[in-house]
Structures are given as C-alpha cells and as structure tokens.
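Participant: Here is how the chains run, residue by residue.
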Amino acid sequence: MKFLRVDMSSKNIRSEEVPQSYLGLGGRSLTSTIINTEVPPKCDPLGPENKLIFAPGLLSGTNLVNTSRISVGAKSPLTGTIKESNAGGTIATALGHLGITAIVIDGQAVKGEMFILRIDEKGEASLIPAKEYKGMRTYSLVDKLIKTYGDKTSVMCIGPAGEYLMKSASIQTSDVDDHPCRAAARGGLGAVMGAKGLKALVVDRRGKSPDAIADPEAFKEAAKIFALKVKENPFSGQFLPNLGTAGLVAAVNSMGAFPSYNATKGVLPGWENISGENLTKIMKERGGGPGHMGCAQCIIRCSNVFMDKQGKYVTSSLEYETIWAFGGMTGIKDLDTIARLDFLCDDIGLDTMNTGVAIAVAMDAGYKKFEDGQAAIEMLEEIGRGTEMGKVLGDGPAAVGRRFSHLRIPAVKNQSIAAYDPRAMQGNGVTYATSPMGADHTAGNVIGQYMARKLDPLKPEGQVKASRNAQIAMAAMDSIGLCILAAVALEAPEAGAAFLKALSAKLGTELGADAIGQLGIRTLQAEREFNRKAGFTNKDDRLPEFFYKEALSPHNTTFAVTDADLDTTLAF
Amino acid sequence: MKIKVKLFGELRRKIPDYRPDKGLEMDIPEGSKIADLLVLLGIPASPGATVIMEGRILPLEEKLSHGSLVNIFHVMFGG
Ligand code: SF4
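Protein chains in written order, with our numbering: chain A, 4 to 575; chain B, 1107 to 1185.
In case anyone wonders, no lab produced these hints; they're calculated from the structure.
One thing to keep in mind: the hints can contain errors.
Derived pair list, reagent style PhoX-like, types lysine-lysine, alpha-carbon separation capped at 20 Å [as the list claims (entries may be wrong)]:
#1 A:Lys284 to A:Lys268
#2 A:Lys284 to B:Lys1112
#3 A:Lys137 to A:Lys268
#4 A:Lys125 to A:Lys137
#5 A:Lys234 to B:Lys1139
#6 A:Lys134 to A:Lys114
#7 B:Lys1139 to B:Lys1169
#8 A:Lys211 to A:Lys284
#9 B:Lys1169 to A:Lys457
#10 B:Lys1108 to B:Lys1169
#11 A:Lys45 to A:Lys552
#12 A:Lys457 to B:Lys1128
#13 A:Lys155 to A:Lys234
#14 A:Lys284 to B:Lys1169
#15 A:Lys5 to A:Lys125
#16 A:Lys284 to B:Lys1108
#17 A:Lys14 to A:Lys137
#18 A:Lys268 to A:Lys287
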C-alpha cells in the first residue's frame, strides 16, 4: 500500500505509505478524493498545479476475475470538471502486483522535454528522458518500449494528440497482446499527461509484492463463486464473447435511440452493415474475431481483433461506441473504414467518441459530406499532423461547433454524448446532464433497465432514479476495479453476496450490504464538491438545447426530464 | 395467424438453419401473446430476452397480431 509521488518540475520521486485519510479507497474513489483534496479547483488543467493520478481498483492485482481496470484522474481540460477515465489492459494488475495504490504526477517538465516513468519489478521508479520517443504514435512507441524494457512490460502512453495538448487526447494502454488499443479515452487526460511532459508510464509485470489479502481463504471461496456467476449470466457469459459490445448496434437501432447523422435521426438506415452480427461474420471470415481477451484477468472476452481483406491486423477491440461515433454519427456504413478510423485514433491517441462526434459536427456544418469515409480518414490524419484544422477537430465537437458557428453540438460540458440518444433513452440523458464527468455513458448507463422491461425509455418518469442508481453503482465499480461488463452478474443475489465477501476478505472488515453503494455516493460527493468549487452549478447540468427542441425520429420525442428533477439526481 | 420473427445475437443459434436475411415465418395460434411466442421458440424471457416491435420494447402480455414483425434480443446492459 504505497503512493508514488512524482514531481515533474524537480524530477523528484517519493514513495510514501498511503495517508490515513485515503485508506480503503482505490480506483476512481481514490483519484477523485485526491483531486478534491489536493488540486486547486480553479487551476489551469494544463498547468503545474493539476495532478494526474493513476490508481488501480481496490481489487486489481487479486485473483478475482475481471478486475484489471485502472482509473486515471485529473482536472479535465475538456470539461473543466473533475475527471476519471477508466481503462482495461494489463497495467492495473501489474501495479496491483507491486502493491502500488496510486501514482500521483505533479508539477510540469520544462516545455518541450519529455520523460518516461519506469517502474521495475521491485517497484523502483525512475524518470528517463524520452527525447527519442517524441512525436511517436502509440503502436510504434509501445513496440519500441517493449524491445527496450522486455516483453513483461505494460505501457500507458500518449500519442501526438496528447503532445499537442488536444482536448480529445486519450491515454492509451497496452492489452494482453501489447497493442495500445485500450484507452482512458475521455476528458482529454492525454493532454494533461502531455502538459506534464510524460510520454509513457512503463510498468514491469513481474512484481511480487501485492498487498496482503486479510482473509485469503474466504477471498478464494468468494472469488470462485463470483467467477461462476459471471459465466452463467447470459450477457457476460454468452453474448459478449460472441458479439462484443458491437451487439448493441441492432438493439439500439431497433429501439430508435441510435443517434445518427449528428443526432438528427434515431435509426441509421442500413445499420445492418455495421451491426455486431455482421462484424462477427466478417471477422470470422478473415481470421481474428470476437472472443478476444483484451484485459488481464478477463473471463468474458468482449474484445475482438479486426483484420483487413488480406488477413492483416487493422485494430483491436472495435467497440460499440466507436462504431456508433464513426458509423452512426457520420453515416459511414463500412466496417473496414470504421476499423481504420479506430486504429488511427488509438495510434494518434484520441478518444474515438469525442473525435467521431467532432467529425460528425463538421460534416453537419457542411465542412465535408456525411458518409464520406475518405474525408473522415483525412480529417484524422490532419489531427495526427497537428494542422490548423486538425487542432480544431482534435479539441472535440464543441470546438468544431464554435469554428463553424454550428449549434447542433451533442455534448455536455464539451464532452460528446455516447451511442444512446437522450430523447429515446431519457435516463441516459439524465446521466449525460448530471454526471460530474460531462456526458459519459459509462458513468451510468440505463439501457439494461429498459431491455429488462423495468422502465419505459421514452417517458420522463423514473429516469432520475434509474440514472442515480446507475451512477452510484458505476462510481463504486470504477473504484473497486471491476469491469462494468462483469458487474452485470451482480444482479444475481448470490453473485452480489460473493462479491461483497471478496471485498470484505480483501480489506479485512465485514462490510455491510450498503457498503458498495456508500463508496459510490462518497465518490460522487467528492466529485461534485470539486466541481462546485471550480465554479459549476446545477445550471451546467443540462443537455444542449436541441435535445429539448428537435424531436427525434422515429418516436418524435424530445428530452422531457425537467430541470427541477435533474437537480435532484445527485443531491445526496 | 402468420408473423415474422427476427432473432439477434446468440439467439440465432437456437434455431437450426436460421437465415438472418429472411428471419422466421411462423404460424401461431390466434391471440398468442409475446410470452407464448417465447415459449414456442424455447427462449427464456427472464433474464434473457427483450422483444421489440416498431421501436417499442413490449411487455410479455402483449398480444401479437397477424403480420407482426417481432425482433428478439438478449437483454443487454451497455458497452
Ligand atoms: S469484458 Fe472486455 S473490457 Fe471487460 S475486462 Fe474483459 S476484455 Fe476487458
């Protein structure tokens, strides 16, 4: 249980015991609490006062399945709010094996200087000048780093977008195959990393000093039951390994909630071409395929590998949200083009959602035509080169809207919405509006409630409660380090009990049934407190005007949850 | 009465030789409900399946009518 504090100004690295006030926290609950305590709320997100924090989940590094999630936190240059961006891959487990609870990056290197933070198998950290890696895209960077530091290395890094300090810059991290295709994508945290002068975090995977588990026997027993339940659940056990998250394309289109052509339609005509069913078919024909293990400890395997017609690797983990951003929002109905765009985002270090929506806004404003795949690829290359237009696109949909004086910008607090239209899934609209993170589906997705027939997606009633519950649960999962796709198994009471037991056994305290919810609430409270100190009020927790005014086909509904109701969502 | 059924995701494997482009043409008793159809297909309604017609998620008690186009999905929780 230790913190590594790295000051990029003085290059001083300090290892310290986890301070008393942070004990029992991990992942998002830890990054958000540290930021709320230690970062001046009104600071420049790209200045030395901001802190960039990497924190594996509370259970990352244990044997519990699907716990290889890492939280990256900072004040966001995109939203201006507190931010936690969550990623899979292998690095959370690697840090867990070293007993590292958080890495806190402070200060700022001299402009133009770049460093790598390396942590060896003993947990010793050093800053290494990274001049030779400057400007590199992530695939060649990771290749080179693995050649230098060995094949038992996990990497978290930025591409050119992060170095240019673009507001859609992601932090990419290596998957089980050492491809930097998993991302802490949202909120422009890649720009924070770039501003600090940190090109990559490189962690040895051979650490053997994990934190002790208080009751190893009880933990083992509970972990076994939980794993069984994840396998038994039809969504995590059967659906995801065969279709991946892309399986949602058909369902969300069938519900009329797939924001298309920059959110002017709720169904994409021809969505069948980009459906999960079609994706699986293509991948199986070409080699690669679904059922790919993206993250350490994963027994679900929602990831995939997409090959081109010649059977050459194009990209990995082509996800629903990316297919939507580059397919639905732009009208590009070709998986080969979408896969290429996904690869380019990973390689340049960009959030696929914010970037796809930025391109869609540009198309809607008339800069290029909808459905023009080549134009989309060229726009991404402009971002990669950092041209004048590339810089606008790389700052996301709000920047593009400003550039073209275009008002239809599907974003909240400058961050793009995700692949669920708030007019046809009102609860997801509540989450977009009220999440302390800006529009973010992973902060509290309500679709499961709709599909399980518990709530009508089109009516405002019941949406605030559903969003609130989802936001609390997600904040807790992001803190514990459990992949949210495994968290669906918690619906089964036996799985929930086993999970609570595992967490209790790890921490050495008998946790009550409400402990997980309390962790989520505490996290959201810290986040909202930071945002308020940064100058945000309830008035910022609104959707863009067009969602209230332009009805969405085919249901012809607008967003109908009242402001007064929105304000109760997280008023704990 | 005749209805058309489209299956998505892994539910397609429930029906041997299912053709995604064609779907299933079925002849079911007059007055059948969605729950009855799921039983006929051997798809458990809970926690597994969601039925969508004309953009709406329908309750299990909903009655089908001649010519209905029924889409059946797994319950999904987001991606
Ligand atoms: S289900 Fe997908 S995202 Fe979750 S741990 Fe497995 S591969 Fe990673």
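Participant: Keeping to a limit of 20 Å between CA atoms, is the pair of Lys45 of chain A and Lys552 of chain A held or broken?
Facilitator: Distance of about 33 Å is beyond 20 Å: violated.
Participant: Given the hinted pair Lys1139 of chain B and Lys1169 of chain B, is their alpha-carbon gap at most 20 Å?
Facilitator: 4 Å, holds
Participant: Starting from Lys211 of chain A, check that the Cα of Lys284 of chain A is at most 20 Å away, please.
Facilitator: The hint is violated at about 42 Å.
Participant: CA of Lys155 of chain A to CA of Lys234 of chain A, is that 20 Å or under?
Facilitator: The given pair, whose Cα atoms are some 28 Å apart, is violated under the 20 Å limit.
Participant: Just to be careful, I want the Cα atoms of Lys1169 of chain B and Lys457 of chain A compared with a cutoff of 20 Å; is the pair within it?
Facilitator: Measuring from Cα to Cα gives roughly 19 Å; hence the hint holds.
Participant: Holds or violated: Lys268 of chain A with Lys287 of chain A, Cα cutoff 20 Å?
Facilitator: Status violated; Cα separation ~31 Å.
Participant: Taking 20 Å as the top limit, are the C-alpha atoms of Lys137 of chain A and Lys268 of chain A close enough?
Facilitator: 42 Å, violated
Participant: Are the Cα positions of Lys5 of chain A and Lys125 of chain A separated by 20 Å at most?
Facilitator: 13 Å, holds
Participant: Quick one, are Lys1108 of chain B and Lys1169 of chain B close enough, alpha carbons at most 20 Å?
Facilitator: 13 Å, holds
Participant: Is the straight-line distance between the alpha-carbon of Lys284 of chain A and that of Lys268 of chain A 20 Å or less?
Facilitator: Since the Cα atoms of Lys284 of chain A and Lys268 of chain A sit roughly 27 Å apart, the hinted pair is violated (cutoff 20 Å).
Participant: Is it true that the CA of Lys125 of chain A sits at most 20 Å from the CA of Lys137 of chain A?
Facilitator: 27 Å, violated
Participant: Assess, step by step, whether the Cα of Lys457 of chain A is no farther than 20 Å from the Cα of Lys1128 of chain B, and give holds or violated.
Facilitator: Given that 20 Å is the threshold and the Cα spacing comes to 31 Å, the pair is violated.
Hint check: violations occur at hints 1, 3, 4, 5, 8, 11, 12, 13, 14, 16 and 18; the rest are consistent with the structure.
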